[in-house]
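**Student:** Quick note, the sequences are listed as chains A and B, same order.
Just so we're aligned, residue 1 is where the first sequence starts under my numbering, counting upward by one.
Just so we're aligned, residue 1001 is where the second sequence starts under my numbering, counting upward by one.
Think of the hints as simulated: they come from the structure by calculation, not from any bench.
A portion of the hints provided could be inaccurate.
[To be verified] Restricting the straight-line Cα-Cα distance to at most 30 Å, the calculated cross-link-like pairs of lysine-lysine (DSBU-like) are:
id: 1; chain 1: A; residue 1: 265; chain 2: B; residue 2: 1110
id: 2; chain 1: A; residue 1: 265; chain 2: B; residue 2: 1107
id: 3; chain 1: B; residue 1: 1107; chain 2: A; residue 2: 215
id: 4; chain 1: A; residue 1: 215; chain 2: B; residue 2: 1084
id: 5; chain 1: A; residue 1: 265; chain 2: B; residue 2: 1084
id: 6; chain 1: A; residue 1: 215; chain 2: B; residue 2: 1044
id: 7; chain 1: B; residue 1: 1183; chain 2: B; residue 2: 1170
id: 8; chain 1: A; residue 1: 215; chain 2: B; residue 2: 1079
id: 9; chain 1: A; residue 1: 236; chain 2: A; residue 2: 86
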Amino acid sequence: MTRRRPAVRIEGLPIIGVLLVLIAVFMIAAPQVFLGYRIYMSFLATVPPQLILALGLTLVIASGEIDLSFPSVIAFSGFLFAWAFKTYELTWLALLLALAGGALIGWVNGVLVAVIGMPSIIATLATQFFWGGITTVLTGGLSYAIRTIDDFAIHDVLVGRIGVVPVQALWATAVAVGLWFVLNRHRFGEHLLFIGDNVSVARMVGVNVGREKIKLFTLMGVLGAFAAVLLTAENKNFFNTQGSGFLLTVMAAVFIGGTSIFGGKATIVGSYVGAYIIGMIEAGLVATGMQGFWVRAVVGLVFLAAVVFHLTMEDSTRMRALLNFRFGRPAPKLRE
Amino acid sequence: MAFGNVVALKNISLEVGADETVGLIGDNGAGKSTLIKIVTGVLKPTGGRLYIRDRLVDPERYSVRRAHDLRIEAVHQEKSLADKQPLWRNLFVGRQITNRLGFIDVKRQKEVANRLLLEQIGFRGAGIDADSTVGDLSGGERQGIAIGRAMYFDADLIILDEPTVALALKEVQKVLDFVRRIKDSGRACIYIEHNLAHVHELADRLVILDRGEVVSVLGRGDLSLAELTRHLIDLQSAREGTRAT
Chain A
1 MTRRRPAVRI
11 EGLPIIGVLL
21 VLIAVFMIAA
31 PQVFLGYRIY
41 MSFLATVPPQ
51 LILALGLTLV
61 IASGEIDLSF
71 PSVIAFSGFL
81 FAWAFKTYEL
91 TWLALLLALA
101 GGALIGWVNG
111 VLVAVIGMPS
121 IIATLATQFF
131 WGGITTVLTG
141 GLSYAIRTID
151 DFAIHDVLVG
161 RIGVVPVQAL
171 WATAVAVGLW
181 FVLNRHRFGE
191 HLLFIGDNVS
201 VARMVGVNVG
211 REKIKLFTLM
221 GVLGAFAAVL
231 LTAENKNFFN
241 TQGSGFLLTV
251 MAAVFIGGTS
261 IFGGKATIVG
271 SYVGAYIIGM
281 IEAGLVATGM
291 QGFWVRAVVG
301 LVFLAAVVFH
311 LTMEDSTRMR
321 ALLNFRFGRP
331 APKLRE
Chain B
1001 MAFGNVVALK
1011 NISLEVGADE
1021 TVGLIGDNGA
1031 GKSTLIKIVT
1041 GVLKPTGGRL
1051 YIRDRLVDPE
1061 RYSVRRAHDL
1071 RIEAVHQEKS
1081 LADKQPLWRN
1091 LFVGRQITNR
1101 LGFIDVKRQK
1111 EVANRLLLEQ
1121 IGFRGAGIDA
1131 DSTVGDLSGG
1141 ERQGIAIGRA
1151 MYFDADLIIL
1161 DEPTVALALK
1171 EVQKVLDFVR
1181 RIKDSGRACI
1191 YIEHNLAHVH
1201 ELADRLVILD
1211 RGEVVSVLGR
1221 GDLSLAELTR
1231 HLIDLQSARE
1241 GTRAT
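With these hints in hand, go ahead and build the complete structure from the sequences.
**Tutor:** Here you go:
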């Protein structure tokens, strides 16, 4: 039997196509907004925190796990950064403190999952509530304005502008490039793919599954903390509730990008483009005159449609099952 | 070896010679898989001693990686290769060709994988190369690749855990050819198999496990296939009799 494969495979090509089509549609629907450059600069300023979270989550999902605690990392690490800056005028040390806070949350998640054997969906849901609650207690429910941060170098380095281009977009791109190499070219990334594909195989070939999971969740915590600092520095304000709306948009970015919900297959390019697509849908809907209330419903629908699309592309029997679905008829057995 | 209060293996003494194929047989739950998981470093034993090339192995420091270093490889039923990954990853995972920072030399791994597929495993004109995904291969091809991987890493002892399970007849033949190649190359092999005809044909010695203990050790030709089958049925009847009383 001869197996045929495409001669050239470009990672994320379909999703790049979707992004271009979306830009074209919005240019037609709202030319006054989408034919100017400002809206794109706005995306580059606002999308990076969610983009960095989506990149980290891509690795987590590649390993067959999930992390629901990142909205609380955005709140907790953002608080640590804002508090250290406001109270002691610390800048780089405040960044380190925030990263350490994120690493701690991630490490705790990793230990719960890898050592105790808690399912990550439960462990990270619990820690999301816990760290979110701790942040509320520590802040007393208040926000912290850090307006003077733009007097310090850290502001220019993290969220300044090069010409009109927001620096955080470059940071996010650098993180994406780094994580692409980690996932596709590094031993650690390969271990994550094998753990997500078949954890028994991973163990049999000598992968230290527990250690790799702890490293993974810690990395996710650090990335969440970095995203929190970018968000807080860009807003020049820490909001007690910051990050609470990110769960849907970050997950949607990962899954519309093409990362498999079953693990073992993931695309950094897909998640990178996916994050901008979600950001664009949010802004585009409002720009085309749709009420803001619709945004979450539309993003949720796009998220769902993307997962259904990728599932049916992975396994054609799913599409046949969907088309032949009748109430009362037993569902066919599907591949995982 | 015990899991909590359950003793999975007791009073086991198993020796494998340098170029010997030992067939390990026994019913489900006899302890075969537990035994080979200990030998391959997947499980840490709760007691006993393990000697490799006559040297005592420290169980605390023994792992899959250490077993690989000592040239012990295993081919597990349906657990040797990951479906969604290409062969160049599957052949090297756990022992990637990397630089000092842990980045994989993909080009080199693909070169070696293609050479291995052609020369050692013998997939010529089958449309299988280093970029092929495991999920697209037949069961026999998968087991062939897993056995080829063990031979490439120059294993002195290859452990086959029911390599023909759930395979079509033609595929079984392919796998048995791979097992014969292991024998011909002068390597030691522990061959776990439910199909008595296969193991009877290929093994130099048969070790029968029952409820975590070695109950019989038979040399090649000690029993015919029919006698071996009878022997196992008698063992099972005796066990059921013990249970009934």
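**Student:** Confirm or reject each hint.
**Tutor:** Structure-based check of each hint:
no.: 1; hint: A:265 with B:1110; in the structure: holds (19 Å)
no.: 2; hint: A:265 with B:1107; in the structure: holds (20 Å)
no.: 3; hint: B:1107 with A:215; in the structure: holds (27 Å)
no.: 4; hint: A:215 with B:1084; in the structure: holds (23 Å)
no.: 5; hint: A:265 with B:1084; in the structure: holds (7 Å)
no.: 6; hint: A:215 with B:1044; in the structure: holds (23 Å)
no.: 7; hint: B:1183 with B:1170; in the structure: holds (21 Å)
no.: 8; hint: A:215 with B:1079; in the structure: holds (24 Å)
no.: 9; hint: A:236 with A:86; in the structure: holds (11 Å)
This entry satisfies every hint, going by the numbered hints stated previously.
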